[in-house]
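Novice: So the protein sequences, as listed, match chains B and P. Everything in the first sequence is counted per my numbering, starting at 170 for the first residue and increasing by one. Everything in the second sequence is counted per my numbering, starting at 14 for the first residue and increasing by one.
Treat the hints as calculated values from the structure; they're not laboratory data. Any given hint could turn out to be false.
Unchecked claim - Only pairs whose alpha carbons sit at most 25 Å apart, straight line, appear in this in silico SDA-like list of lysine to any residue: (1) 313/B to 298/B; (2) 174/B to 427/P; (3) 174/B to 414/P; (4) 313/B to 407/P; (5) 276/B to 448/P; (6) 174/B to 448/P.
Stated by the list, open to error - Beta-carbon label-pair distances, calculated as ranges: (7) 184/P to 289/B: 45 to 55 Å; (8) 473/P to 209/B: 48 to 58 Å; (9) 173/B to 429/P: 50 to 60 Å; (10) 257/B to 179/P: 15 to 25 Å; (11) 90/P to 276/B: 48 to 58 Å; (12) 257/B to 155/P: 20 to 30 Å; (13) 173/B to 624/P: 27 to 37 Å; (14) 184/P to 217/B: 48 to 58 Å; (15) 508/P to 179/B: 39 to 49 Å; (16) 308/B to 519/P: 49 to 59 Å; (17) 308/B to 565/P: 49 to 59 Å; (18) 179/P to 252/B: 28 to 38 Å; (19) 126/P to 256/B: 36 to 46 Å; (20) 624/P to 257/B: 46 to 56 Å.
As the list claims (entries may be wrong) - Stretch-level coverage of chain P by chain B, calculated; a stretch enters the list once three of its residues show a Cβ under 8 Å from a Cβ in chain B: (21) 119–132; (22) 387–395; (23) 403–414.
Only a predicted model underlies this, so the values are computations on that prediction, with no experimental measurement involved. All residues carry an ideal CB built from backbone N, CA and C; glycine is no exception.
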Amino acid sequence: MQINKFVIGGILILGAVVFLIWTSTAANPEYFLTIDELNAKGSSILDRNLRVSGAVIGDSIQYDAQNLALSFEVAHVPGDNAELETEGGLAEALHQAVMDPERSRMKVVYLGPRPDLLRNEAQAIMTGHVGNDGIFYADELLLKCPTRYEEAVPEQARS
Amino acid sequence: MIANFGFGVLAITFLVTLYSVFAAIYGERKKIPAMVESARRAMLLTWPLLTLTASILIYLLVNDHYEVQFVYEVTSRSMPTYLKVTAWWGGQAGSLLFWSWLMSAFASLVTLRKWDRDREFLPWVIVVACVTMAFFIGMSVFFENPFAQLYQMPTGVEAHTFQPAASILFIPQDGNGLNPLLRHPGMVIHPPMLYLGFVSFVIPYAFAMAALITGRIDDRWIRITRRWTLWAWMFLSFGLVLGGRWAYDVLGWGGYWGWDPVEIAAFMPWLTGTAFLHSVMIQEKRGLLKHWNMLLIILTYDLVIFGTFLTRSGVLSSVHAFAQSAIGPLFMGFVSTTLVTSVALIIYRWDSLKSETEMTSLLSREALFLLNNLLFMSILVVCFWGVIFPLISELFTGQTVTVGPPFYERATGPLFAALMFLMGIAPLSAWGHSTVKTIGRAIWKPIVGALIVTAIMFATYTRNVIALVGFFLIALVILVTIYEYWRGANARQKSQGENIFAAFWSLTGRNRRRYGGYIIHLSMMLMAIGILGIELFQVETQGALEVNQQMSVGGYDVVYQDIAQFQGPDGREVTRAVLGVYKGGEYLGELNPRIDYYYDAQQTMTIPGQRSTLRDDLYILLVDWEPASATGATFKIFVNPLVNWLWLGSLLFLVGVVIAAWPEKDAERVAVRANASVQQQTSAAD
Numbered sequence: 170m171q172i173n174k175f176v177i178g179g180i181l182i183l184g185a186v187v188f189l190i191w192t193s194t195a196a197n198p199e200y201f202l203t204i205d206e207l208n209a210k211g212s213s214i215l216d217r218n219l220r221v222s223g224a225v226i227g228d229s230i231q232y233d234a235q236n237l238a239l240s241f242e243v244a245h246v247p248g249d250n251a252e253l254e255t256e257g258g259l260a261e262a263l264h265q266a267v268m269d270p271e272r273s274r275m276k277v278v279y280l281g282p283r284p285d286l287l288r289n290e291a292q293a294i295m296t297g298h299v300g301n302d303g304i305f306y307a308d309e310l311l312l313k314c315p316t317r318y319e320e321a322v323p324e325q326a327r328s
Numbered sequence: 014m015i016a017n018f019g020f021g022v023l024a025i026t027f028l029v030t031l032y033s034v035f036a037a038i039y040g041e042r043k044k045i046p047a048m049v050e051s052a053r054r055a056m057l058l059t060w061p062l063l064t065l066t067a068s069i070l071i072y073l074l075v076n077d078h079y080e081v082q083f084v085y086e087v088t089s090r091s092m093p094t095y096l097k098v099t100a101w102w103g104g105q106a107g108s109l110l111f112w113s114w115l116m117s118a119f120a121s122l123v124t125l126r127k128w129d130r131d132r133e134f135l136p137w138v139i140v141v142a143c144v145t146m147a148f149f150i151g152m153s154v155f156f157e158n159p160f161a162q163l164y165q166m167p168t169g170v171e172a173h174t175f176q177p178a179a180s181i182l183f184i185p186q187d188g189n190g191l192n193p194l195l196r197h198p199g200m201v202i203h204p205p206m207l208y209l210g211f212v213s214f215v216i217p218y219a220f221a222m223a224a225l226i227t228g229r230i231d232d233r234w235i236r237i238t239r240r241w242t243l244w245a246w247m248f249l250s251f252g253l254v255l256g257g258r259w260a261y262d263v264l265g266w267g268g269y270w271g272w273d274p275v276e277i278a279a280f281m282p283w284l285t286g287t288a289f290l291h292s293v294m295i296q297e298k299r300g301l302l303k304h305w306n307m308l309l310i311i312l313t314y315d316l317v318i319f320g321t322f323l324t325r326s327g328v329l330s331s332v333h334a335f336a337q338s339a340i341g342p343l344f345m346g347f348v349s350t351t352l353v354t355s356v357a358l359i360i361y362r363w364d365s366l367k368s369e370t371e372m373t374s375l376l377s378r379e380a381l382f383l384l385n386n387l388l389f390m391s392i393l394v395v396c397f398w399g400v401i402f403p404l405i406s407e408l409f410t411g412q413t414v415t416v417g418p419p420f421y422e423r424a425t426g427p428l429f430a431a432l433m434f435l436m437g438i439a440p441l442s443a444w445g446h447s448t449v450k451t452i453g454r455a456i457w458k459p460i461v462g463a464l465i466v467t468a469i470m471f472a473t474y475t476r477n478v479i480a481l482v483g484f485f486l487i488a489l490v491i492l493v494t495i496y497e498y499w500r501g502a503n504a505r506q507k508s509q510g511e512n513i514f515a516a517f518w519s520l521t522g523r524n525r526r527r528y529g530g531y532i533i534h535l536s537m538m539l540m541a542i543g544i545l546g547i548e549l550f551q552v553e554t555q556g557a558l559e560v561n562q563q564m565s566v567g568g569y570d571v572v573y574q575d576i577a578q579f580q581g582p583d584g585r586e587v588t589r590a591v592l593g594v595y596k597g598g599e600y601l602g603e604l605n606p607r608i609d610y611y612y613d614a615q616q617t618m619t620i621p622g623q624r625s626t627l628r629d630d631l632y633i634l635l636v637d638w639e640p641a642s643a644t645g646a647t648f649k650i651f652v653n654p655l656v657n658w659l660w661l662g663s664l665l666f667l668v669g670v671v672i673a674a675w676p677e678k679d680a681e682r683v684a685v686r687a688n689a690s691v692q693q694q695t696s697a698a699d
């Protein structure tokens, strides 16, 4: 009898937690895609909440300060860590992605302040959706600037 | 040269920790006290050695020795000296050394205590502390050497510990500079606080392991480490709050917490640590939940190691990827090894960890504490699920699916609310047995009070249901806590004839742990007010303004007055706007949001202008300014209601922990008595 009420209480809590996790996961999934995967899926992902990672192309950054509208292009980088390693680490992979004109690219629009870390060869991790026009509308924008050791060494050292 | 010396000292320290581990085990096995003593002294030696290592690193940092890779990466000539010193923990290699240094300080402190009655724990505490240290120092020696130097090779510049053949030392003119985001007072103290918290949790874990290995699994280990645990918890909690404050001041998104994996990694040991703090009380009072307490401290320890691994390299570099160097798998290996070993020890001691009594009443203090533990663990499970969900989804569907802040908010919200409700009723319950009736008799007044507060909030402030539930719970906890305090003080006032303030004072002094705990509960509620405010009522607006043009948000009128650009003191260009703030036509002062551009790091940093009151914060960001048309600038303005309560609460929190952890005057006597009764029990058992 004593045991029972604790067991029942425990099961109730467990049930509640599973329910909370399950419904919360189902309510807010973000599909993590690379740009290649995104292009391959076509229009099937139009309404979905997506999380996409890409290498920022510095020359494409435009900022309309009047409307706080930021737009830039990102190039495909592999989503898999092992794949990144074979390309020589994240910094090198980002560098390759930006230099390679053959890589698939995607235009991104974001409304808000221009992030301090947005610059050439930064990794952008964007949450948002793809519009009918094929542009990625980001609600959230995270940036990561790995220091590439070679690049950080002053010019005179590299020749 | 100096760098090589530093590396040498570090390598010697590594050997010393290894020696300490083996000497302790050998001395314990062969019953040679001199050997254990030697292990203890070796352990005491690590702190001076690491202090020397650290001094060398700081010397290199302060004196611009850019031939050292780490110095090159985190400092530059334009940085002020204090930032060059704190750059010590600005990068991965340095922060690992910092971790080891703190660890050795704590290990030394704990070895210096009087061990007379707990001599059998000593060798095993040394083993656990030194294994942990050896792991971290070994990491520095073999993989993340802070003293690695740059060498010009035929193929380019590379960093090496020892000079490779056919190379010359390469000395850059200037360094990369610390990431500007980290050049903030909050960032100067946030990592040390967090690390202090992380590291000091190793000590209770070490004692727990010692208790399991020696088989002396009464609550002695808990009593010895009670105050350690509280300090550890305080540092960890305050470290988390400081991190939030730093994000609020520096990251410029008007928030303080983003459910980033790194934040969660630091939050998870806090959850298990908090659960542990509560559940050890059940073991002390009732002899229950011994397995559970062991499990909690083990989880906390491994989450601390895991958290160090995830947070080690600072903030932004960890947005989603795991470490890209060899140390990732090593960390995971260390975590899983210690976890498996520790759990195996629990299983080995399973029978002797059996509870001394049974839990019978669902509303007893111990049952409510157990429920509190389950809720903390549920939040932990939610967090853990969120962190590993991408891996799970990829494994089963081939599609990586991540979850963001909405997931965490939705899943943890009800759990936090339940915790608050518990905080309201648990202080009114009794050990052993309580009923709805006994609790109901005590709680009806606070409930009526809380309902009145909620009604007032409904009439004057908000109609938001979540907010009203939140305010009700906050009011309930605050009233119950004050009520409990008042009851105690009142009884004292009557029996001792003290005035009410003296009664409050001596009441707290008599039972520091209990009343310190109540103050901590109150502080949590103040923080909850701040969190509710900013989460539910934040308003924002943005727009471009001409000089003398104004913008209104949340009852404030903001007038753009001026902007100026000038050179800052430490190699940055400052663009600083002047805005006049008005409310209802009354002038409140000016705010100066600015953009700092750091030449060395080629990075901008957006610093908000803030005006803080208890009612709300006005938080203005200078978004953009075109030098060509010097007349206009773009701003983003947030009004963050009640957020100041969050920071106030964290200060009260410190007060509460200090009260709870302050040594009791007669602590030693109590401990002796407890020990004596234990010995009686064991002799009776023989």
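Novice: If a hint holds in the structure, say so; if it does not, say that too.
Specialist: Here's how the hints hold up against the structure:
no. : hint                       : verdict
1   : 313/B to 298/B             : 21 Å, holds
2   : 174/B to 427/P             : 22 Å, holds
3   : 174/B to 414/P             : 38 Å, violated
4   : 313/B to 407/P             : 23 Å, holds
5   : 276/B to 448/P             : 63 Å, violated
6   : 174/B to 448/P             : 14 Å, holds
7   : 184/P to 289/B: 45 to 55 Å : 28 Å, violated
8   : 473/P to 209/B: 48 to 58 Å : 55 Å, holds
9   : 173/B to 429/P: 50 to 60 Å : 29 Å, violated
10  : 257/B to 179/P: 15 to 25 Å : 24 Å, holds
11  : 90/P to 276/B: 48 to 58 Å  : 40 Å, violated
12  : 257/B to 155/P: 20 to 30 Å : 22 Å, holds
13  : 173/B to 624/P: 27 to 37 Å : 57 Å, violated
14  : 184/P to 217/B: 48 to 58 Å : 52 Å, holds
15  : 508/P to 179/B: 39 to 49 Å : 42 Å, holds
16  : 308/B to 519/P: 49 to 59 Å : 55 Å, holds
17  : 308/B to 565/P: 49 to 59 Å : 25 Å, violated
18  : 179/P to 252/B: 28 to 38 Å : 34 Å, holds
19  : 126/P to 256/B: 36 to 46 Å : 53 Å, violated
20  : 624/P to 257/B: 46 to 56 Å : 48 Å, holds
21  : 119–132                    : violated (count 0)
22  : 387–395                    : holds (count 5)
23  : 403–414                    : holds (count 4)
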